[in-house]
Structure formats: structure tokens, C-alpha cells
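A.B. asks: Protein chains in written order, with our numbering: chain X, 1 to 156; chain D, 1 to 70.
Do not rely on the hints blindly, as some may be mistaken.
What the hints assert, rightly or not - Derived contacts from chain D toward chain X, CB cut-off under 7 Å, selection only:
no.	residue
1	Thr9
2	Lys26
3	Leu27
4	Ile42
5	Ala43
6	Gly44
7	Gly50
8	Ser51
9	Ser52
10	Leu53
11	Leu56
12	Ala59
13	Ser70
Unchecked claim - Cβ pair distances, simulated, as ranges:
no.	chain 1	residue 1	chain 2	residue 2	range
14	D	Ser68	X	Lys87	54 to 62 Å
15	D	Lys17	X	Ser142	16 to 24 Å
16	D	Thr30	X	Lys123	39 to 47 Å
17	X	Lys123	D	Leu27	48 to 56 Å
What the hints assert, rightly or not - In silico negatives: residues of chain D with every beta carbon more than 10 Å from chain X:
no.	residue
18	Ala19
19	Lys34
20	Ile45
21	Tyr49
22	Leu58
No lab work stands behind these hints, which were simulated from the structure alone.
Every residue, glycine too, gets a C-beta built ideally from N, C-alpha and C.
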Amino acid sequence: MEINIYQILFQILNFGVVMYLLNRVLYKPVIKMLDDRAKKINEGMSQAEKNLKAGEEIEKTKKAEVSKARKEASSIVAAAEVDAKKKADEIIKKAHEKAKEEVANMTKAAEKEIENAKAKLQKEAATIAAAMAKKALEGALSAKEVEAITAKMLKN
Amino acid sequence: MNYTITSATKLSSSNLKAAQDVAKAKLGATGTPKLEVDSSLIAGIRILYGSSLLDLSLAARIDSIKSSIS
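Use the sequences and the hints to build the structure in full.
C.D. replies: Pasting the structure below:
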């Protein structure tokens, strides 16, 4: 086999040209495109991490706010319960006092009514007794008895 | 001025004298009284002198007792 130096040189030159062209036309743009893409991915990941952290912060803040709101709500409910109990107690106390007062008034009125009825009854009884006494005595006394009573009344 | 003595039955002379004495002492009535009989008095007398009335009847006493207890 005969080695042709010119052919070898030509092949080397040819290879160099191809390498230069490939490097110029294909490798550089592809590498640049890959670098750009990697840069974009890195930026995206970095942004995603930032977003994630921000989301966690928001979640943390939200939890803290919810906890705070729950505590406040709890406190408001407790205060409202105490206030409502106090008002209910006051209403019950007033109702008892009013009922007591009404019972006292009614008792007083009933007692007064009983007293009035008693007085009326006594008056009627006295009137009836007087009428009965007059009716019983009128014409029942003898002339001598009438004379004796008259004499006694005139002496007095 | 005349006056009237009303009694439950006709007055005996002693009671009439006593009634005249009472009329004079209590009302200042003198003279001869007009005599009337009213059985509703039951016993005792009633003397009317002018507008003054002195009721000493048993009926008036009963009314007085009735007033005091009613």
C-alpha cells in the first residue's frame, strides 16, 4: 500500500475545514441555545423557589392571622357570654322584684277589699240587728214596761 | 213658743211632769206641750221645740247603738 502524502494533507485540511464549518455553523449556535435554555431554566427554578418561599410565608402569615382571629373570636364570644349572663341575671332579678311587688300590691288590695267587705257586712248586720230589735220590741212591751223604761230614760 | 212631746204610749202624769222638766232644762221649753203618740218610738219620748229636737226614745237609743258598732 502506497501512502500519498498529498492525499493525507488534503484529508487533514478537509477535516479542518469541516471542523471549522461545523464549529461555526452548528456547535456555537446549539451551545448558545443550550446555554440560554439552561439559563432560563435556572431563572425559572430560582423564581419558583422564590415563589415557593413567598407562598410559605403567606401560608405562615395566614395561619398566624387565622390563629389570632380565632383567639379574638373566642375572647369576643366569652365576653358576650358573660355580658349576656349578666343581662339575663338582671332581667330575672327585675322580674322577681316586679312579681314580688305585684304580689304585695295584690295582697294589699285583697286585704283592703276584705276589710271593706267586713265593714260593709258589719254595717249591714248592725242595721239588720237594729231593725230586728225594733220590730221585736215594738208592740211587745206592755204599757207598764213602756212607762218604766220611759221613766228610766227621762231620769238619765 | 209651743213644743211637742211624742211618746210610744200615752204618758202617765209622773212621766209627763218629768218630760216637761227635761224640756225646760235641755231646750228651755215652757208652757203646755202638745202631746202625740207614735208606737215606732217603742219607749221613751221625743221633744220638738222650734227647730230643736231632743230624742230620748228607745228607737233612737237602738239607732245610736247601731251607729256605734257599724
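A.B. asks: Verify the CB-CB distance for Ser68(D) and Lys87(X) against the hinted window 54 to 62 Å.
C.D. replies: holds, 60 Å
A.B. asks: Quick check on a hinted range of 39 to 47 Å for Thr30(D) and Lys123(X), using CB atoms only.
C.D. replies: holds, 41 Å
A.B. asks: Under the criterion of a CB-CB separation shorter than 7 Å, is Leu27(D) in contact with chain X as hinted?
C.D. replies: Check failed: Cβ of Leu27(D) comes no nearer than 14 Å to chain X, outside 7 Å.
A.B. asks: Decide, holds or violated, for the assertion that all CB atoms of chain X are farther than 10 Å from the CB of Leu58(D).
C.D. replies: violated, 6 Å
A.B. asks: Would you assess whether Lys34(D), listed as outside the interface, keeps its beta-carbon beyond 10 Å of every beta-carbon in chain X?
C.D. replies: The assertion about Lys34(D) holds, with a minimum of 18 Å to chain X.
A.B. asks: Does Tyr49(D) really sit off the interface, with its C-beta more than 10 Å from all C-beta atoms of chain X?
C.D. replies: holds, 16 Å
A.B. asks: Find the nearest Cβ of chain X to the Cβ of Ile45(D) and say whether that gap is larger than 10 Å.
C.D. replies: For Ile45(D), whose nearest Cβ neighbour in chain X is about 6 Å away, the distance does not exceed 10 Å, so it is violated.
A.B. asks: For the restraint on Leu56(D), tell me whether the closest CB of chain X is nearer than 7 Å.
C.D. replies: holds, 5 Å
A.B. asks: Would the hint on Ala59(D) be counted as holding, given a Cβ-Cβ threshold of 7 Å to chain X?
C.D. replies: Interface hint status for Ala59(D): holds (6 Å vs cutoff 7 Å).
A.B. asks: Return the status of the interface hint for Thr9(D): holds when the least beta-carbon distance to chain X is below 7 Å, violated otherwise.
C.D. replies: holds, 5 Å
A.B. asks: Against chain X, run the beta carbon of Leu53(D) and see if the smallest gap drops under 7 Å.
C.D. replies: Status violated, d = 15 Å.
A.B. asks: Would the stated hint for Ser51(D) survive a check requiring a Cβ distance to chain X of less than 7 Å?
C.D. replies: violated, 22 Å
In the structure shown, a violation is registered for the earlier hints numbered 2, 3, 7, 8, 9, 10, 17, 18, 20, 22, in ascending order.
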